[in-house]
Amino acid sequence: MTARIAILAGVLAVAAAIVIAGLPRPETPAERVDRIASELRCPVCQGLSVADSPSDTARAMRALVEQRVQEGRSDDEIRDEFRRAYGDWILLSPPLLDARGAVWLLPLAVIVLGAVLVAMRLRRAPPPVRPSAEQLRVLRERELAEEAVE
Amino acid sequence: MTFADVGGGALRAALALALWGLVASAYAARGRDGRALGSARWSALAAFGLILVASLAMAAALLTHDFSIRYVAFNNALETPAYFSAISLWAALEGSILLWTTVLAGAVTFVAWRGTRELPRLATTALAVMFAMLAFFLFLVVTPAADPFVRIDPAPLNGRGPNPLLQDHWLMGLHPPLLYLGYVLFSVPFAYAIASLILGEAGDRWIVATRRAALVAWALLGVGIVAGAWWSYAVLGWGGYWAWDPVENAAIMPWLVATAYLHSVMVEEKRRMLRTWNVALVIGAFALTILGTFLTRSGVVNSVHSFTQSLIGPLLLGYLAAILAFSVGLLLWRAPRLADTGAIGAPLSREAIFLFQNVLFVAATLTVLLGTLYPLVVEAISGAQLSIGSPYFDRVEVPIALALLFLMGIGPQLPWHGASRATLERQFAAPVVAAGAGSVLALALGLRGAAPVLGYALAAFVVATVVQEVVRGVRARRTLHGETAAAAFVNLFRRSGRRYGGYIVHVGIALIALAVVSSQSQATFAEATLAPGGSMQVAGRTIVFERFRDVTEPRRTQVVADLRVLDGGGGAPMTAALTYYPNASGAIGAPGIRSTAGEDVYAILAAYDLRSRAWATIQVKVIPLVSWLWIGGLVVGLGAVIAALPPSRRRTAIVAGAVPVGSTAGAK
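Going line by line, the protein sequences match chains A and B.
This note's numbering applies: residue 6 is where the first sequence begins, and numbers increase by one.
This note's numbering applies: residue 2 is where the second sequence begins, and numbers increase by one.
Just chain A, same shape as in the assembly (with noise of 0.2 angstroms):
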């Protein structure tokens, strides 16, 4: 009894946890600019985002989202206007919504696919017969003498 009101209290502890924590709240212009810069390629970089370069043209192109953002420019606007100086190259993150959306949904249908197989072989298996405490106990010691062995 005491476990089961244990187990209760941790999980409401972390489910309480992550909604605090995941609550929305408004972005400073200062998150915005790290955001925005995060999914820039740094142009001179191997593969480094303007958020992270310390070189020169990251950090003038850093300067212009911010100087973007004071505008009150959309997010989408100051992308374009950097896709239209660099072309698609310059974002580090493909769209979701178009044919280069692929790269989203691969990874999602690996791990279904993956999941469903391994469900149908957990369905096909014979019920688990409960063993004994005694079944339980020979086990156990089987299977610490099989370590010392290994």
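You may find that some hints are simply not true.
Under 8 angstroms between C-beta atoms, here's a sample of chain A residues computed to sit facing chain B [as the list claims (entries may be wrong)]:
{"no.": "1", "residue": "GLY27"}
{"no.": "2", "residue": "GLN51"}
{"no.": "3", "residue": "GLU76"}
{"no.": "4", "residue": "LEU111"}
Once the Cα atoms are required to be at most 20 angstroms apart in a straight line, the calculated SDA-like pairs of lysine to any residue come out as [to be verified]:
{"no.": "5", "chain 1": "B", "residue 1": "LYS271", "chain 2": "B", "residue 2": "ARG213"}
{"no.": "6", "chain 1": "B", "residue 1": "LYS271", "chain 2": "A", "residue 2": "ARG126"}
{"no.": "7", "chain 1": "B", "residue 1": "LYS271", "chain 2": "B", "residue 2": "GLY503"}
{"no.": "8", "chain 1": "B", "residue 1": "LYS271", "chain 2": "A", "residue 2": "VAL74"}
{"no.": "9", "chain 1": "B", "residue 1": "LYS271", "chain 2": "B", "residue 2": "VAL209"}
{"no.": "10", "chain 1": "B", "residue 1": "LYS271", "chain 2": "B", "residue 2": "THR342"}
{"no.": "11", "chain 1": "B", "residue 1": "LYS271", "chain 2": "A", "residue 2": "VAL123"}
{"no.": "12", "chain 1": "B", "residue 1": "LYS271", "chain 2": "B", "residue 2": "ASN159"}
{"no.": "13", "chain 1": "B", "residue 1": "LYS271", "chain 2": "B", "residue 2": "VAL329"}
Treat the hints as calculated values from the structure; they're not laboratory data.
Bear in mind that the values here come from a model prediction, so they are computed numbers and not experimental data.
Every residue, glycine too, gets a C-beta built ideally from N, C-alpha and C.
Keeping the supplied structure of chain A fixed, place chain B upon it in accordance with the hints.
Below, chain B without anything else, positioned relative to chain A:
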């Protein structure tokens, strides 16, 4: 005789020996011919010796600055210090293929000589597979594709020097060899799996025979990856450690598959199932090591257009295609013999968790593969250039990583076959409470966002399961054997190393998870342009820019900004610098890092007044808990060592007498 003569000659002789060894070991495996086997064994040892001679010749050429060898002229200079001269052995393509070949020859010798008097047929067949791989790499280093001993005439008076990024930090002497050892050691389980398929064996002898090799390969690769992340953090000067760069992706993919493999073989050993799957995983892990080498060594990751510049790209791609075609074909042919005899238990059994874990690891790997290759494929087909970087990988991999942390906590707590409700309650009460405490702690530390808080909760969950297991193990030993608490604790790891070493690995991964969560979501950043004597504020700390210093060394010049971090006491000095090498156009950053257990202060000299040194632009990041990433890597390595060590002898003797041993490799 020059170093080039010695090295080139040794490699050619080694190639002849490898080809002979291939024939002899294949013949020995077919005809069970003892003399042929002996010949193959000595060929392996002699080839290894010759390749070592070639590597030493290259090291000597680098240390004595023998610029008549092109590799030395391009990767060494008179000013290069001895340490960086020696490790230039793997500073570029030809040298790193030579290092690969050396390690592979060592692995071949290990397989050839591991049995004392005679080798079982499985090992002899595996030896033939290893010889074939060795012959391919020796072929690479004796042809222009990757010949390290190509000469240059007339020899230049001085060389170009190593890549600046590679002569900046001692970790460069550690990170590449660790990765290569890991990569190459995967060829041992692969060779045994292939041998097992060739011989049509249905059992798990190949798994048992290569359990340690797989574990050691996995651990070396993992520690090598963490060392690489550390190098990136300490040298590249961007305050991060992982950028989902294709080179990093190439290293993590085989590691992910190997992690799945290390767990799913336990299902085969205990439950006699997943036989085909385990062979497929080991083929996948091995093929990904070759793919990684291809991606990083052919230049294809920068652009598909650089691919054809060197012969090495097409050759490695051909090798990869041949390996995949051969091993997948073999697997399909033998699959009917690998039918499972065991059955899976309930959804809440250890084997079921292993299966779900495998699905997630494979999905994580395919995501990395897809994200890495997709831009290349698109560019090759349509010519359009696009980027896939951290925003994509983070968004897909973070949920997968969280799910894996969760499974890492529950898997070891569940019995094989299935668990009763009472068992579940007994196993999970304390860990779930710990998870609740972890999430509250995360909130108290100011973490925001669902994923970071969940990360803390799951890390606490995992650590609590391990603590609970160890406490129970100690208690059981005390009652069963009457040991003291300390003795019981030590014996737990010595006698059941595989199990408890694995738990230590889990703790290391939990530490890495905490470090990643905190450093990614709670780093603070500030930038200021200061005159000498000026100061800036970041996260409650004052950073004073004291003065400029110019440092001139024979091989480089440095502009150093002397800084002081004021946090209470007198303040700690640190420096951030830009380094100029004669063979590089731009400056290389040398960040200043002040590490404590709680956080790192990371300072970058981003720009400065070139003419009069009147100002400097300093960037400072305060990154919480990041050093726990490296510590976590060490803990993972330590756990793997405990798991790989043979159990202490006295106990083994007693148990081996009591329990029939049928499936160990040497018992055939």
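Check your understanding: Quick one, are B:LYS271 and B:VAL209 close enough, alpha carbons at most 20 angstroms?
Key -> holds (12 angstroms)
**Study point:** Restraint satisfaction for A:LEU111 [CB to CB of chain B, less than 8 angstroms]
**Key:** holds (6 angstroms)
Point to revise | A:GLU76 as an interface hint toward chain B, with CB separation required under 8 angstroms | key: Because about 21 angstroms separates A:GLU76 from the closest Cβ in chain B, which is outside the 8 angstroms limit, the hint is violated.
Point to revise | Satisfaction of the A:GLY27 interface hint, Cβ to chain B closer than 8 angstroms | key: The hint holds - A:GLY27 has a Cβ within 8 angstroms of chain B, the shortest such distance being about 4 angstroms.
Review point. CA of B:LYS271 to CA of B:THR342, is that 20 angstroms or under?
Key: Roughly 11 angstroms between the alpha carbons, so the hint for B:LYS271 and B:THR342 holds.
Point to revise | Agreement of B:LYS271 and A:ARG126 with the hint, judged by alpha carbon distance not exceeding 20 angstroms | key: Distance of about 17 angstroms is within 20 angstroms: holds.
Practice item. Compare the distance between the alpha carbons of B:LYS271 and B:ARG213 with 20 angstroms, and conclude whether the hinted pair is satisfied. Key: At roughly 17 angstroms apart (the allowed maximum being 20 angstroms), B:ARG213 and B:LYS271 satisfy the hint.
Exercise for review: Starting from B:LYS271, check that the Cα of B:ASN159 is at most 20 angstroms away, please.
Suggested key: violated (61 angstroms)
Review point. Holds or violated: are the alpha carbons of B:LYS271 and A:VAL123 at most 20 angstroms from each other?
Key: holds (18 angstroms)
Check your understanding: Should the hint that A:GLN51 touches chain B count as held when the rule is a Cβ pair under 8 angstroms?
Key -> holds (6 angstroms)
Check your understanding: Does B:LYS271 pair with A:VAL74 here, judged by a C-alpha cut-off of 20 angstroms?
Key -> violated (59 angstroms)
Review point. Straight-line Cα separation of B:LYS271 and B:GLY503 no greater than 20 angstroms?
Key: Status holds; Cα separation ~16 angstroms.
Hint violations for this structure: numbers 3, 8, 12 and 13, all remaining hints satisfied.
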